[in-house]
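As they're listed, the protein sequences go chains X and D.
For the first sequence, my numbering begins at 1085 and goes up steadily by one.
For the second sequence, my numbering begins at 2 and goes up steadily by one.
It should be emphasised that the hints constitute simulated quantities derived from the structure, not laboratory data.
Keep in mind the model is a prediction, meaning the values are calculated, not measured.
A virtual CB, placed ideally from N, CA and C, is assigned to each residue, including glycine.
Any given hint could be a false lead.
[Unchecked claim] Footprint (simulated), chain X over chain D, 3 or more residues, beta carbon under 8 angstroms:
#1 46 to 52
#2 85 to 99
#3 121 to 129
[What the hints assert, rightly or not] For lysine-lysine, the following DSS-like pairs were computed, each having C-alpha atoms within a straight-line distance of at most 27 angstroms:
#4 D:K38 - X:K1485
#5 D:K129 - X:K1508
#6 D:K129 - X:K1360
#7 D:K33 - X:K1485
#8 D:K98 - X:K1485
#9 X:K1617 - D:K38
#10 D:K65 - X:K1617
#11 X:K1717 - D:K33
#12 X:K1617 - D:K33
#13 X:K1626 - D:K33
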Amino acid sequence: MDVFGSFTLLLAFACAVYAFVGGIAAIITRHPLLVKSTRQAGIATCVLIFIGTFSLEYLLFSDNFSQAYVVSHSNRDLSAFYKIAALWAGQEGSLLFWSFLLAVYVISVLIAYRHKNGELMPYVGVILAGVQIFFLTLNNFVESPFKILTAVNAGGVLEPFVRQDGNGLTGLLQYPEMVIHPPNLYAGYTGFTIPFAFALAALLARYPGEKWIHLTRKWTMIAWCFQSIGILLGAHWAYAVLGWGGYWGWDPVENASLLPWLTGTAFLHSVMMQEKRGMMKVWNVWLVFCTFLLCILGTFLTRSGVVSSVHAFANSQIGPWFVSFMLLTLVVCFVAYVKNHDYLRSENQLDSLISRESSFLFNNLLFLVACIAVLSGTLFPVFTEWFTPSRISVGAPFFNKIMVPIGLAILFLTGVGPLLAWRKTSTDSLKRNFTWPVVVGALSAVLAYFLEYRNAISLVCLFLCGFVFWTIVMEFYRGAKVISARSGMSMMMAAHELSMRNTRRYGGYVVHFGMMLIFIGLAGAAFNTDVQKTMNIGESMKLGPYTLVLQSADTKPEKNYTAERMIVEVMKGNKQLMLLYPEKRAFAGRDQQSGTMVAIYSTLREDVYVVFAGMDPDTNLPVIHAFLNPLVKWIWLGGVWVVMGTLLALMPNRRAALVIAGATQPAASAVAPALNPSVTLRERHD
Amino acid sequence: MIKHRNLFALALVVALGVLPLVAQQQQADRVKAIGGKFLCMCGCGQILTQCNHVGCTMSAGMLKELGQWVNRGDSEATITQAFVQEFGTTVYAEPPKSGFSLIAWAMPVVYFVVGAVLVLFVISRWRKRPQAAGVDAAAPVTASGVRISQEAMERGRAQAARETED
Chain X
1085 MDVFGSFTLL LAFACAVYAF VGGIAAIITR HPLLVKSTRQ AGIATCVLIF
1135 IGTFSLEYLL FSDNFSQAYV VSHSNRDLSA FYKIAALWAG QEGSLLFWSF
1185 LLAVYVISVL IAYRHKNGEL MPYVGVILAG VQIFFLTLNN FVESPFKILT
1235 AVNAGGVLEP FVRQDGNGLT GLLQYPEMVI HPPNLYAGYT GFTIPFAFAL
1285 AALLARYPGE KWIHLTRKWT MIAWCFQSIG ILLGAHWAYA VLGWGGYWGW
1335 DPVENASLLP WLTGTAFLHS VMMQEKRGMM KVWNVWLVFC TFLLCILGTF
1385 LTRSGVVSSV HAFANSQIGP WFVSFMLLTL VVCFVAYVKN HDYLRSENQL
1435 DSLISRESSF LFNNLLFLVA CIAVLSGTLF PVFTEWFTPS RISVGAPFFN
1485 KIMVPIGLAI LFLTGVGPLL AWRKTSTDSL KRNFTWPVVV GALSAVLAYF
1535 LEYRNAISLV CLFLCGFVFW TIVMEFYRGA KVISARSGMS MMMAAHELSM
1585 RNTRRYGGYV VHFGMMLIFI GLAGAAFNTD VQKTMNIGES MKLGPYTLVL
1635 QSADTKPEKN YTAERMIVEV MKGNKQLMLL YPEKRAFAGR DQQSGTMVAI
1685 YSTLREDVYV VFAGMDPDTN LPVIHAFLNP LVKWIWLGGV WVVMGTLLAL
1735 MPNRRAALVI AGATQPAASA VAPALNPSVT LRERHD
Chain D
2 MIKHRNLFAL ALVVALGVLP LVAQQQQADR VKAIGGKFLC MCGCGQILTQ
52 CNHVGCTMSA GMLKELGQWV NRGDSEATIT QAFVQEFGTT VYAEPPKSGF
102 SLIAWAMPVV YFVVGAVLVL FVISRWRKRP QAAGVDAAAP VTASGVRISQ
152 EAMERGRAQA ARETED
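One chain only, chain D, in its complex shape (with noise of 0.2 angstroms):
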């Protein structure tokens, strides 16, 4: 009986003593997660919690404050709220994904898609594209129909092997 009491005693010694450092670490860890999200504000544009320029008047105040919100168990979106409202929407070091700032991250998307749609379509027209059976089906085409002759085109190709040299 004494004996299990002594192992309760020392594993509540052992957890006093240990919760505290892991309950820090995870706030520090919290702290580094929710200040990888801002920008430090001196002008540099770095990510707050890697901004160590020498000479930075903001990156430690903000970090101070960052903590003291983490440690009285604020949200990330009060932290970013108060962040914001001190700063501005400058503080943040991507674009929020509501309002005007969709735009940033849909527009990747829409180039690759548009790009892609693009790519499909010039491959399919090019495999359409008769053989070259004669010299006026291969004659190249304007956009609006028009064929120059191959004679041209030749005359043209002539005429630069002519004034040209590798």
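This is chain X alone, in the form it adopts within the complex (with noise of 0.2 angstroms):
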């Protein structure tokens, strides 16, 4: 099977050769049958690319110790669970996993589109090839997951070597979100490549900017949800396994998730520049071009070790191969617009500094500013190297000044763009807008300061989510009151139909709603507490309005692992609230390897959060670290909320039809005659 795999990883390399190079001879050519075999090889790259990927499923699975990634991420006592996370618990098999999820894509582009867009296409799939001869290159000759264990024998000659058992997964992977976090958000890096292919492909062809947009817009928000999701995924698994109270410690290749979001996020915001007045169409193309080449270069940070990180699970000499890519990449990228820019020419102008445009522009600005920020930050360390004898490490403390106040920028804009109109807004209109939403705002702050929240940039931040919130529920209520007065239909009803007629903006919505809720969750890390004490069974400890009770000490052994669990008995006041079971796990299959099992009590209101920290080597005896954790419940929240918002902007809309229906019913018919239905529909859309 080992040979069987890497056979279909070269042969898929061969084929996504030929697809770029018979794509090319296809534009220059036109000639029918180029296009389409050069389409039906990109097919079968992606084909191949599966079977390679089952290939190694299948090695991991049958326990096949003679394959050295097999014994490197696996065990026999592994469980089927985190077999399949496996995959990508190394370099090599991420890698794979890379090109595995690419592969999805471009299969799912190239069968959707291969009747569709005839032109466009041949470019489109030579880009998607190049990319994909990239990281096939990488998976058949830098990093092969296909390799095979050797030993030196008594002659001193290689010879396979075939081990009893393997050494395992590393424990912090052995935990079930990650079995999902990393496909995730490699599905946000490699989703974006969709985006950046048109983008350049239409460049290339020379199309005039708008037409990509619509083609690609529903592939950058399936992107972007995935890369949400991922970071949200991967903050969780901070928070619940690596115990250290936190959940977002600005890690390298944390950072690296979150580049590609930032831009992404500014491009799904100032697309709808670009589609509703024609402006912007230069500053969309770097935004994919950037969005892209910072998914290559997380995947870079993530596998190169070029920075230390907690995640560095693996380092290795790939970086050259990356920084090469990113640098073709880069240049081709700048060629293509300057030979094409023409093309991008905004068509229209700003009428007002104080318009829905402009808040956008800003909007822009902050995520760009936060992007390289983070960059820089990021890099700094290797910075420093090069130009001082020293590195200068830059941590959690540096990024938190750095990016609380640009947060809280990005959370104003949140609110103040829907209150503005396109072109101009009116001072008259902007006093109507903003009144009530500020008193929200301002009520929230108050009740935040006598709910014991007293500082001031938390503060600061819950009174622009009240007032976030209520430019939420403003737009809903203004569209829902229109729909409602027109077709009789209930308030709640009327939201839902809006909801469903254009999904796109009120999905927007919903995922504005979902950041402000991981906002509120965000204010309260500035009251985190802490306390750790050495205990004796029966011993307690007070962490704010709860104590703790060490109640007994068990160890629970499992198929993989042996737990040492302690039983912590959660009080508040004399009421018993939850028995805590944090443990430490010792692996088996790896030597020394032990991970910690964090329990929490989670509320709305605050967590607790309880760590064995280990054994006191003076007494003994175990070592609790409990925190006390208030409002994260709101990030994990806020991130349903942010799916589900997106979801519904994938949606397609209601078709405008059911509007003029409902306007025949009795209650809409005194109003909807003076309406001219097809001017009403389109007022809102925007």
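Join these two chains into a complex; the hints should help.
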């Protein structure tokens, strides 16, 4: 199976090269057979990558310990669930997984558009094949996952060698979220290849800017959604497994995942400027180019070990390959832009500084500043090594100081944007639209103050959350009121109808609502407290309003690890709330491999987060480290809303005919005749 | 008189009992505050006071050292110097606001200022742009001042519409 897997990847490489070279020939000659054959070569490349990936999974599931990758990342006792995850646990497997996910996107595009966009698709096919060639080069010639295990025999000759068991999967990865977090993040990274390919293809084909935007809107949102889920799951994993009491440590790899998300988010906003006003065409093309390059950079940072990280499971010498690919991509993009940028000129003018357009410009500015600040902070240790004799670290305190004001400014614009009209907003309209959101924001801050959240930054954040919340409520209320008046629907039904008529716009508001919830959660971080104590059985410690009593300790043997558990009772006053089981796990397979499992009592108000920090070397008693983390649950709830909002935005709009049908109902008949249905429908669709 | 003396004695006993506890708490807070400014040197990249991963070979020793220096009454600058001497500049959790490291702090501000100036420049340029009065006035202009004809743009647009479907 290893030879078969190797062979399929090699064949995939050959097919990708043909799709690339043949595709260029097809663009030049426009020969229909050549176009068709290169498209089929593209599909064959993807199918072969799938087979190669399944071959590696087969080797993992069949415990084939003649394979170096299987030995390094699996063992006999590893559950099937984690054998799937072993695919991306190491360098070689994760690069193959990148190719696999990219192939899923590529084959979807090639099949979905096989009868459409006949002139553009050869360009798209060539670009996608180019990206696939890069990753297949790594899979085949640099970091092959199908290397057999060898050992030097008595005669000093290398010969195949079969181990009885493997080293097992690293303990940090043996957690359910690790089976879904990396695929989501990678699906985000790889997904941005599609808008990139269409943007570059449209530029090369000299299409005026708007066309590729329409074609790739959904692909961009899908990639963004996966990226968001991946980031949030990663944060939750860090919170629940690493045991340091936080969810975001500004680790280089966390930062790497945030970078394309920031530019991708900027793009999702600025694209509206192009659709509505024909503006920012150059900017949007470069945002997509940068997002793709940042995805490659993210993979490079994760996999090369150029900056040290808790995620640096696999360090190797693939750095020069990634740097070369990024430089080559940048050159291609730049040349394409220089040659054809005339077709990307803005065709509209800005009427006023106080307008929706300006708010999008400032929104993009903030996202870009955030992105560059995180990028330069992440790479600063590398720069210091180049320019000074020593390396200077940049940790979480730096990023918190830099990013908090930027984050608050973005939150402010999240509220302001929907209140501003396209083209120009009058002073009266400003007063009318801003009054209630500001009042609700102020009330939120006052409420937070009385609930003891007394920190200036947190209060500003909660004020802005109230402000944003009310702008979203107002948007739904105004739209639903019109529909309700015309159709006689209840307000709830009308709000639902409204959302379904313009899914993108109202899905966007749901995403904003989710982000607001996440910011509420982030505001709580200023009030985190913790206590650490060496405890005997029966002893207790105070943590805010809670009392933690160490009830007992036990050992729980499992198939692939043995857990040493502390049983901690959480009490508030005299009321027992919950038993928590923080544990330490000693994993089979790897020597000395161990990990923590945090126990959390979570409410909307706060999390009681308990870690079994080990045994005190002096007393040989357990050390319990407990954290009281306010409002953390809001972050995970916000994440759910973000995903729901994106899914809503991905749904097709309900047909306008339904509205006209609704308007025939008696309750609406008094209002409807005076209105021209088509005008009424269009006026809110921005 | 006896009553006052008793009260005084009681206050003294309480103070003698409480003061060490207060001092201990203050020292613990100081260890936490100063420790938050350094990284654990085991390679995990976490803040010293937050690093608790299993098998860490560094954080316990570093915290012990820090505790000793704090108990001795060393200033933050002295402690920082001692840590930097022992582990190098990689021990900083955030770059110092001096020398080359100042660039790290200055750059985000520079990005924002330059970006804001650019945005304002773009806005002012877009506001000055004349309304599309005719075909030629609306025609996009290249950076070198060459005008692409509206006809060419429309031809491109028609080609795109013909060759693509949403």
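To see whether the hints hold, each was checked on the structure:
1. 46 to 52: holds (count 5)
2. 85 to 99: Satisfied; 9 residues make the cut.
3. 121 to 129: holds (count 4)
4. D:K38 - X:K1485: OK: K38 (chain D) and K1485 (chain X) at ~13 angstroms, within 27 angstroms.
5. D:K129 - X:K1508: Cα-Cα ~15 angstroms, so holds.
6. D:K129 - X:K1360: holds, 20 angstroms
7. D:K33 - X:K1485: Measuring from Cα to Cα gives roughly 18 angstroms; hence the hint holds.
8. D:K98 - X:K1485: Cα-Cα ~13 angstroms, so holds.
9. X:K1617 - D:K38: At roughly 23 angstroms apart (the allowed maximum being 27 angstroms), K38 (chain D) and K1617 (chain X) satisfy the hint.
10. D:K65 - X:K1617: Within the cut-off at roughly 15 angstroms; holds.
11. X:K1717 - D:K33: holds, 26 angstroms
12. X:K1617 - D:K33: With Cα atoms ~15 angstroms apart, K1617 (chain X) and K33 (chain D) stay inside 27 angstroms; holds.
13. X:K1626 - D:K33: holds, 18 angstroms
Checked against the numbered hints above, the structure breaks none of them.
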